[in-house]
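Undergrad: Each chain, letter by letter, is given below.
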Amino acid sequence: MRMPPLTAAPRSRVRHASVVALASIVALLSLVPLGFIVWITIDTGWTEVAALVFRSRVGDLLVNTVLLEVCTIPLSILLAVTLAWLTERTDIPGARLWSWLAAAPLAVPAFVHSYAWVSLVPSMRGLWSGVLVSVLAYFPFLYLPVAAALRRLDPAIEDAAASLGLGPWRVFFRAILPQLRLAICGGSLLIGLHLLAEYGLYVMIRFDTFSTAIVDQFQSAYNSPAANMLGGVLVFCCLLMLGIEVLARGNERYARIGSGAARPADRRRLGWFVVPAVALPIVTAALTLGVPFVTLARWLYLGGADVWRIDTVGSALLQTILLAIAGGLLATIAATPMAWLSVRAPGRLQRILEACHYYVGSLPGVVVALALVSITVRLILPLYQTFATLLLAYVLLFLPRAMVGLRASIAQAPVELERAAMALGRTPAQAVRQITMRLAAPGFAASVALVALGITNELTATLMLSPNGTETLATKFWSLTSEIDYVSAAPYAFMMVVLSLPLTLLLYVQSKRTAGQ
Amino acid sequence: MTFSFSHLTSALALAAGLAVAPMMAHAAESDGIVVYNAQHETLTQAWADGFTKETGIKVTIRNGSDMQFANQIVQEGAASPADVYLTENSPGMALVDANKLFAPVDAATLAQVPETFKAADGNWVGVAARSTVFAYDKTKLKEADLPKSLLDLADPKWKGRWGASPAGADFQAIVSALLELKGEDATRAWLKAMKENASFYKGNSVAMKAVNAGETEGAVIYHYYWFGDQAKTGENSKNVSLHYFKNQDPGAFVSISGGGVLASSQHQKEAQAFLKWITGKGGQAVLRDGNSFEYAVGNGEASNPKLVPLSDLQAPKVEPSKLNSKKVTDLMTEAGLI
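Protein chains in written order, with the numbering used here: chain A, 1437 to 1953; chain B, 325 to 662.
The hints are simulated quantities; they were obtained by calculation from the structure and are not laboratory data.
Note that the structure is a prediction, hence the values are computed from the model and not measured.
Worth double-checking, as some hints may not be accurate.
Said to hold, decoys possible - Which residues of chain A face chain B? A few of them, derived with a C-beta cut under 7 Å, are:
# : residue
1 : Ser1492
2 : Pro1558
3 : Tyr1658
4 : Ala1662
5 : Val1813
6 : Leu1815
Ideal placement from N, C-alpha and C gives every residue a C-beta, glycine not left out.
Chain B on its own, in the form it takes in the complex (with noise of 0.2 Å):
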């Protein structure tokens, strides 16, 4: 055996460089901001590249969830590593926003966006907008047998045929605005009701593909996974069409994703500029020619021209900082959903 011990010596000497040298290389992109990305990454993804190229500030993406990063905030309190908080929706920003961790978002940055798409308290602001929508099987169901409201797919008619994506941020959201809507106890009902009669998913491109293969005749989803499935090959949502529930059904909710800067981030002035970029001119042009599909809510923005208008989804009033995360996992817990 030629393996002597000066070789293993040396192995212990390279385990540690090996164990430190990431670190550093770490320790040097700190100069950069760190956005907690719930987010669909790749969106986040064309954000971060846009902007270090107009501004050379690095940004390093960690990707997670909106209700586990928003708590994970919280636990992290001032010794958050975090500058910047990406949402998918809204509640995770009213969850952080309520344990004041967000440093007010600068005013040039919410005068770029409606009222209707920021917290009124004004610490975060929307970066973009998604329908809900029931996303059904159109060789199985008409017109006519579409429910007419949310709360229709408790009924036992519904019974093992359609699903969602309980786990899922988005569908929690879904769930919060009928919370807000409807109250605590209708919104028992209806989970508990929904645990009989609906098939569970791990995420809505998921519950769209099993819409698709004819598994479940429709599904509770947003609306962009399945225009971002038609721009691409269509392979998952050939069968599938999406129905609108409009009439300021809780179905019609619009979710607002939201961007905020935290108190206790090292980068003010870096992270108020990659808010204000992204719900600029350039952040809102990525959501109209790019294939993340979702609205733009800037003023003046266009949103993608294969969607329907924001202005036709009759969408209920819910105010945002009002949604309730924590009520809504207890309740689904309780429900056995998650």
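So here's chain A without its partners, still in its complex pose (with noise of 0.2 Å):
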């Protein structure tokens, strides 16, 4: 059978354009947010600017936000690492049960975290208060990645270095550590990100962020230039993040050169040291799951049955099934275009389109909720307060973790298939949508779960622009918080759970299965 040449064909480049058009709509949307922040800055005028940037509540802010960030990452790092290395690398009993642990706390919701810790401790609050949450919330996002690169790193390599007379440790942080970095820097930009986007969990332990401080604003004065400058500010930070990432990251080879498959590594003997081993995960599990369900479990004895309105919690589930459900699908279609693009028509435009898809996500739920409240309002009325806005918003910060998912699977679709039918007298768009679409459906599915896992815990965006009468389970739970009536909110809190749980355990698998790649 003879192959179409590899070069792209007229007839693909058409097709290709088409699709640079679609992923380029995408990719403006999504400087919307960016666009509208330095517009306001310029309309505010340079004088007032400086006078709301550059102010003492400001550094207050950014010291808080500076310290969050360098003791919850180095700490989420030391224990993701040393997890991941006990359940990957050692013969520890239950490995397998400690690796689930390990992944789960992503089920509670991190506003839910902190919700049980006040409860437990009310006199929590403050910096070391916000990293052990922040840690316990957010570590998962490193643990993932890490046991995933640990689990197919050849064995060879370390070897190798035994063989060249290192200790154990030495081996660790000479021939081990070096090949996890990839990992190490993905998820700890994650966490970063997400340590700046954090709402909830932050007021509750009452630690002021940039972020709870725009929500302050927004409380005071609405959409004010204020609230948007602190936005401004915020999005600097995340920018920096993201290029403190690359540096860190660097450009170094990773992958196993030659041919071959490296075998699995040998689990090390624990001997004695077992004890300790076992003492960390079991610690770690009552910390992030004990805490939450010992104190959920407490005020839902507490309530009874009263508490369990199937009125107001039945229809708050609804609901955010349904924006979970449709701002899924929304974002995964997106995403496609890009997703192809990327895999099938790599190049510098692309990579631009790209940057565009990612940065967006990384911008905190109340920026772009405070951006898209100022265009409607001012520009767009008929979109002001609509379904259509706040899944627009869901789209924009989830980009990212739709992208995860279609792209691994188109990857792994073959574009010889593609071909193939094409040879076989289909066209171009029956081929990409009978063979490829076809084959990356469960990374659709995949991604679908991801951002709907997203939209069932997403707070500021929802209670920004949501349209009037609606409510989710994470709204429910936040006025009922608000006004410390833990007793009713623990249900929306239970559900919130309930909800996140399938979609971690697809998270899980999802992790186990790209080991490879």
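Take the two lone chains, each set in its own frame, and fit them into one complex as the hints suggest.
TA: Here's what the structure looks like:
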């Protein structure tokens, strides 16, 4: 059978052009929040911008934010790498169980973690409490990629290091750790961005960050220049963090060179060390899962059957599910052109477009929401306070999540099959639809699920943008905890956890599956 | 892989359907009224339930805070989806009124409330009231140690000993009263001292909880958080007592929760009926009998008997329409409090 040439044929260039157009539309939309901040900065005028940005309050917030990042990220790395090493590379008893439990905290929304802690220790507040809860809520973002990377490391390198006379510790630090660099950088970036964006966790623990301060401003003066300027500083922090990650990642190659497949690594025998080794995952699970579940159980028990009001809990549940599914599908559809392009037609343009898709997801929900509130109320009133705008916010915030599943599965669909289909008389569109899309369907489903998980636990954008009468589990939970009605809030927290569980499971399975790539 | 493209298309159709369905449901609800609610959610829900039960008119509530909604309504202008705006305090009402966005309140409704609890121009009406207090840790402070005036809290001897919730509309209303009574310079100085002296909490109930837990000796809040907690478990207020400043001090400020009908509302009749209901017998009875512990403001309507009577509070005279919210948030931003 004759294959079409590898250089793009005119026909496929046309096909690319339409996909590029679609991806460009999404990219342009994703530039809207950033463009708005730039516009409002210019519109506000330099003197006022300077007065709003260079003041002591912003300094305080900056100090808080930096301290939070510098304390939380290294601790998360330490915890995640240790746990990953224990579960993947040692003969620790129950490795599989510990590995599950290390990923499971993702099913508990960050602000439910802090709700649990604050009701357990009411005096918790400030930096150290913030660091503690942040580490517990977010370390799985590091654990998952690090464990996946450890699983696929080629033990030959370690053997070589050992044969050159390095002891186990030095083998770890000189042969293993450097190979985890990508996973650690990626996970740290994800956590770092979450710390910048998180709102509910820090309000409950009474620690001021840019996100909480922006919401304070929003509640005091709606979309004032002061709020937007805080948003501008926050965006700057995000971009800075992206930049740091690029520098830290470096551009060394980590792939196995040459043919063949790595054999699975041997598990190191722990010996007497097994006791402290088992204690670590047990303590971690007790703090990350035990505390939320015990607290929830206690509030649910105290509330009894009365708090399970089908009219309010049921309607919030239904609205959350509808929004999560609609947003998940929309975000995944919006990400499809870009995901396809990035696999099938890499190039400079593609890299720029892809950067647009990724950067917007790193913006905090509060910034995107503030931009969309201001734009719709000032310029496009028909879209103001509609589901369309709320869903647009979700699409923008969760584009990178949608890209993750899609890219991997499109990459797994061999282009040769597409070409063979064309050689057999299918049009390019038919070939993509009948071959690639079918093969990529599991990735599509995974992407929808990932986005839906995000939407289920999303708070600030939903609070600020949702149409009148909308009440999701997260917003309802939030308004009840604000009145310190922890008992009535418990069913909503419980439902959020229940909804997130299968999605977390999927994430875990997915991380195992993609370990081979 | 059995997942076919037709499944995908039906999934897309489903997505579109799902996205549209809630909007349709939303459109169907537009027969009723939309309330922008900055009052406590539970209180307004009780009002809405009572009103709907009596009149059959549906009420959709959007929850937020005083100044957020006031500024929001100003920006929305004639296109505002809101029919009624309810606040905890009056500066938000004053801001909307200054932008001429209220329709005059029906005379019959205004007649239900005494002069002191409504706007002089009759464009909004008081629906409830609340008193400023200094909630203090009774295990640490004695009567003699208490501040005589709100202004005393600026004294360095109070450094690190009191708290408040500066981002909340409640506290900002107190500052606006201070501004009206003592002027801009005094207010600026007081806020600056506050930044030095006070601990900051998110919400009055959280501030009270901190006093109870011994984290701070006192907090400037409104009275009913204490009564509300006492009526429930008392868990967050068992060590706390209330100090009323009295003597027309800025700290004795009684804040008026207001309600108004937006001029842009397409449901004037229903919206006016809602205001009439909450300021009337039914609505004020919710204040008397329920767990909100805010003061009733209707003519001859009794407040909850557990409260210190309104007439004993010796509140300073402040014309509610003069309370300036923009100036307050600017001053507080300047002081680094928000």
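Undergrad: Does the interface hint hold: is Tyr1658 of chain A within less than 7 Å of chain B, judged Cβ to Cβ?
TA: The hint holds - Tyr1658 of chain A has a Cβ within 7 Å of chain B, the shortest such distance being about 3 Å.
Undergrad: Report holds or violated for the interface hint on Ala1662 of chain A, using the least CB-CB distance to chain B and a cut-off of 7 Å.
TA: 6 Å, holds
Undergrad: Let's test the interface hint: is any C-beta of chain B closer than 7 Å to that of Ser1492 of chain A?
TA: With a minimum Cβ separation of about 5 Å from chain B (threshold 7 Å), the hint on Ser1492 of chain A holds.
Undergrad: Does Pro1558 of chain A pass the interface check with chain B, least Cβ-Cβ distance below 7 Å?
TA: 6 Å, holds
Undergrad: Is the interface hint for Val1813 of chain A satisfied, with its Cβ closer than 7 Å to some Cβ of chain B?
TA: Holds. Min distance 5 Å.
Undergrad: Go through the hint on Leu1815 of chain A and say holds or violated, using the shortest Cβ distance to chain B against 7 Å.
TA: Constraint on Leu1815 of chain A not satisfied, violated at 11 Å.
Taken one by one, the earlier hints fail for this structure only at number 6.
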